[in-house]
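Chemist: These protein sequence lines map, in sequence, to chains E and X. At position 63 of the first sequence the residue is numbered 63 (the working numbering), and the sequence of numbers has no breaks. To get the working numbering, take the position in the second sequence, counting from 1, and add 387.
Example chain E residues on the side facing chain X (calculated, C-beta under 10 Å, incomplete):
#: 1; residue: 173
#: 2; residue: 197
#: 3; residue: 236
#: 4; residue: 242
In silico DMTMM-like links for lysine to aspartate or glutamate, alpha-carbon gap of 20 Å or less:
#: 5; chain 1: X; residue 1: 640; chain 2: X; residue 2: 686
#: 6; chain 1: E; residue 1: 75; chain 2: E; residue 2: 40
#: 7; chain 1: E; residue 1: 190; chain 2: X; residue 2: 754
#: 8; chain 1: E; residue 1: 241; chain 2: X; residue 2: 553
#: 9; chain 1: E; residue 1: 157; chain 2: X; residue 2: 551
#: 10; chain 1: E; residue 1: 127; chain 2: X; residue 2: 734
Simulated from the structure, these hints should not be mistaken for laboratory data. A quick note: this is a predicted structure, and the numbers were derived from the prediction, not measured. Virtual Cβ for every residue (Gly too), placed ideally from N, Cα, C.
Listed below, chain by chain, are the residues.
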Amino acid sequence: MAGPLDGLKVLEIAEAVAGPYAAMALGDAGAEVTKIESLDGDRSRDWGSHKRGDHGAVFAGLNRNKRSVTLDPSKPESKDAVRRLAKDADVIICDAGWDKKIGLTFEDVQAINPRAVYLSISEWGDKGPWANQPPYGELAAQLASEATLSLGNIGEKPVREGTDIGSMYAGVYGIQAINAALYARERTGKGQRIDVSLFGCLMALRSTLWVALSNPDYWWGFHLDSYIKPPDHGYKAKDGKRIFMSLARMTPEEREQLHTALGGLDFLEGEPRKQMFLEDRGGGGTRYGYLITDLWEKLFSNMDSEPLIELLRKLGGWAFPLNDYQTLFNSDQVEAVGMLTKTEYPGLGERPTMQPPWEFADTPASIRLPPPALGAHTKEVLAGVGL
Amino acid sequence: MYEGTCFMTAGPLDGIRVFDMTIFMVGPWASMQLGALGADVVHIEQPDIDWATLGAGVPPTINGTSIGYIAWNMNKRAFSLDMKLEEYRRRAYELLKTCDVFLVNMRPGVAERLGVGYEDVQKINPRIIYCTVTGWGTTGPMADLPGADGQVQYVTGFGSATGERDGAPELYRHLTQMDGTTGNYAAQAITMALVARERTGQGQRIDLSMLRAGTALQSGRIAEYFASGKVAERLGASGAAAAPDTAFFCEDKAWLGVSATSQSEWVALCDAIGKPELKDDARFKTNPDRVDNRDALEEILAARFAERPTDHWLFYLRRAGVPCGYTMRWDVLRNHRQVLENNYLVDVETGGWGEVTTGGPAWHFSDTPQRWFGTPFPGQHDAEVLGELEAARASQPESVKQGS
Chain E
1 MAGPLDGLKV LEIAEAVAGP YAAMALGDAG AEVTKIESLD GDRSRDWGSH KRGDHGAVFA
61 GLNRNKRSVT LDPSKPESKD AVRRLAKDAD VIICDAGWDK KIGLTFEDVQ AINPRAVYLS
121 ISEWGDKGPW ANQPPYGELA AQLASEATLS LGNIGEKPVR EGTDIGSMYA GVYGIQAINA
181 ALYARERTGK GQRIDVSLFG CLMALRSTLW VALSNPDYWW GFHLDSYIKP PDHGYKAKDG
241 KRIFMSLARM TPEEREQLHT ALGGLDFLEG EPRKQMFLED RGGGGTRYGY LITDLWEKLF
301 SNMDSEPLIE LLRKLGGWAF PLNDYQTLFN SDQVEAVGML TKTEYPGLGE RPTMQPPWEF
361 ADTPASIRLP PPALGAHTKE VLAGVGL
Chain X
388 MYEGTCFMTA GPLDGIRVFD MTIFMVGPWA SMQLGALGAD VVHIEQPDID WATLGAGVPP
448 TINGTSIGYI AWNMNKRAFS LDMKLEEYRR RAYELLKTCD VFLVNMRPGV AERLGVGYED
508 VQKINPRIIY CTVTGWGTTG PMADLPGADG QVQYVTGFGS ATGERDGAPE LYRHLTQMDG
568 TTGNYAAQAI TMALVARERT GQGQRIDLSM LRAGTALQSG RIAEYFASGK VAERLGASGA
628 AAAPDTAFFC EDKAWLGVSA TSQSEWVALC DAIGKPELKD DARFKTNPDR VDNRDALEEI
688 LAARFAERPT DHWLFYLRRA GVPCGYTMRW DVLRNHRQVL ENNYLVDVET GGWGEVTTGG
748 PAWHFSDTPQ RWFGTPFPGQ HDAEVLGELE AARASQPESV KQGS
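With these hints in hand, go ahead and build the complete structure from the sequences.
Modeler: Have a look at this one:
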């Protein structure tokens with residue numbers, strides 16, 4: 001089998017991040033994915049500034065293992081084509097808004113293919129005053145769900161998360177739910193509709209905070225969220241590279257050895273925050289830690305990040321490099337677990353790409369098709385359904 | 388208790404049983420999703436465990452127990468086993484015979500030492516789906532290092548891609564999200580393997596690491612890195628891929644997030660804010676143009692948004708179909724109509740800590756109902772599970788009983 005979902009047919013009527021990512025993951029797991037695009041194509045074909053040919057790298061990163069079919073939603077024959085494709089599909093992924101535009105609501109699908117599992121992705125949910133909005137407002141969903149104003153320092157300009165986590169979560173939760181529904185279909189013989197939203201998924205990922213706010217024995221203002229605390233930037237070593245460290249498990253003797261190995265604590269003479277430093281165990285998750293980052297960095301100014309990480313680990317601490325993508329993908333660990341392969345980027349030749357994240361021992365996931373050019377498979381796919 | 392429709396009736400994974408040997412957050416989070424989907428998750432803890440040590444003691448506590456344990460172990464039954472003792476191990480094997488999924492997130496080698504490595508479990512039950520979750524993978528120089536949310540945000544480059552423009556990389560904007568993400572990838576892999584088992588009749592082993600889940604979550608930005616060779620730029624509120632896609636300070640001194648990430652949304656935005664001339668500006672013709680001239684574009688728009696309050700812009704942008712939104716305080720969000728009507732927050736009764744509020748199921752199913760129920764205390768279902776094992780034993784033919 002070419003993956004756990006080998007042979008299943010997926011119809012993607014979605015764009016940007018959430019739907020395309022969900023469909024790509026199903027494709028990685030072996031499903032055969034047909035992506036329907038308007039004549040202008042998925043909006044993400046235009047994203048980024050390194051566009052080559054008819055798409056850029058973001059699109060490439062979210063659309064492998066698919067065939068692309070272009071349709072003009074304003075033409076009646078497009079609606080007919082979509083229905084023929086839907087008749088044959090096991091899974092349909094549809095952005096809120098596109099269902100009506102292309103004439104393929106859940107009710108339409110039920111009438112022609114009651115076994116299909118139908119995932120609808122929206123911005124805010126399928127109920128409520130903001131129901132069934134298209135899922136393209138990543139920043140809006142992040143802002144709304146950040147209940148603690150923790151996107152940035154309070155009152156200052158917000159800082160968004162480094163990647164489109166709301167959209168990606170909607171894809172991730174969508175995949176779980178689709179597979180659960182496919183499993184249920186083996187028993188009931190019926191597909192069903194599933195709804196996920198960017199906002200709802202971000203809210204779910206905040207569950208720990210919500211429980212913490214419920215009825216705690218005490219409220220210490222910070223642990224599971226930076227609601228009163230500035231963000232953490234790690235600690236700079238001699239070479240200017242940043243590290244994460246926590247000394248929570250160090251014994252007092254080990255702590256002493258650390259100070260000595262790094263040249264002693266003379267720099268604390270006359271320092272009013274000396275006691276705060278001595279009681280701090282690093283990690284960025286402590287209440288006062290951020291007030292003495294500069295003192296730690298003075299201590300670390302004698303050693304480069306790599307030997308420093310080694311020293312901290314040897315003495316019972318936790319230490320990790322703060323990687324950027326370059327240091328991450330050149331690391332020994334990435335090499336050792338074999339998470340990269342090569343793929344063709346349009347106009348750029350072969351470049352590295354990430355393998356699917358899950359390792360299935362018996363039904364391995366695979367990369368079988370490159371990201372498709374716009375409409376590259378229209379003729380072939382439509383011929384397959386008699387058009 | 389969450390009193391949604393059809394509470395506690397069967398979900399899509401009805402009939403699936405999970406042997407949940409998980410600790411801290413990432414593993415428990417995965418099995419909690421499977422429980423929400425209808426599986427019978429049997430969460431294992433040591434007999435007579437000190438409640439103060441649960442959930443690694445992550446603060447704050449409720450009645451002395453970490454809110455971590457309470458938040459990460461909903462939708463489960465709790466069963467006591469000390470895997471180091473022979474008597475309990477036999478019980479574990481009996482339970483494993485009735486399970487469909489085995490889930491563990493201890494460091495590589497621990498399950499093997501406890502007699503529940505893949506080979507052991509596979510021998511007992513060849514149909515079982517055996518899923519391991521580790522920090523950094525099962526091989527390589529980092530295999531034995533601890534991995535939790537904060538470290539994973541650092542190591543996977545997530546922190547490097549987040550930060551103020553020209554500022555330092557950062558994390559803890561959203562603590563626990565890499566644990567949750569990896570747990571969700573584990574749950575999705577398990578559901579995929581269940582679908583495969585319907586056809587092959589066989590279980591299999593799945594390995595998942597926080598390293599791989601954490602990077603998969605950044606697929607788009609990492610693809611840009613591989614294409615350009617340039618590491619992710621920190622852009623504050625702005626998205627890297629499209630423009631305008633950022634936050635604007637409005638007249639009422641509040642921030643409004645505005646994302647026009649398609650050509651039609653861009654055109655709609657220009658008209659909605661009374662700046663139609665921008666559509667014809669050569670610097671802003673296409674999205675790649677707007678990304679290249681992001682600073683100039685954001686400056687023009689910022690001046691315009693500062694002229695009116697948030698509500699003014701919400702009114703016109705929503706009518707025009709331009710995605711937009713704003714930050715809500717937690718007490719506002721707690722009772723927001725959009726949250727309540729979608730059950731994005733639910734109140735559930737727990738087995739020792741009263742009623743708590745938590746995130747509800749992130750999905751809605753049209754036929755199989757939603758469910759979400761509160762955390763059991765350790766060992767809460769000991770008698771119940773033992774009774775089931777006894778009943779299973781009694782119903783076995785004599786030959787099987789002697790063989791085992």
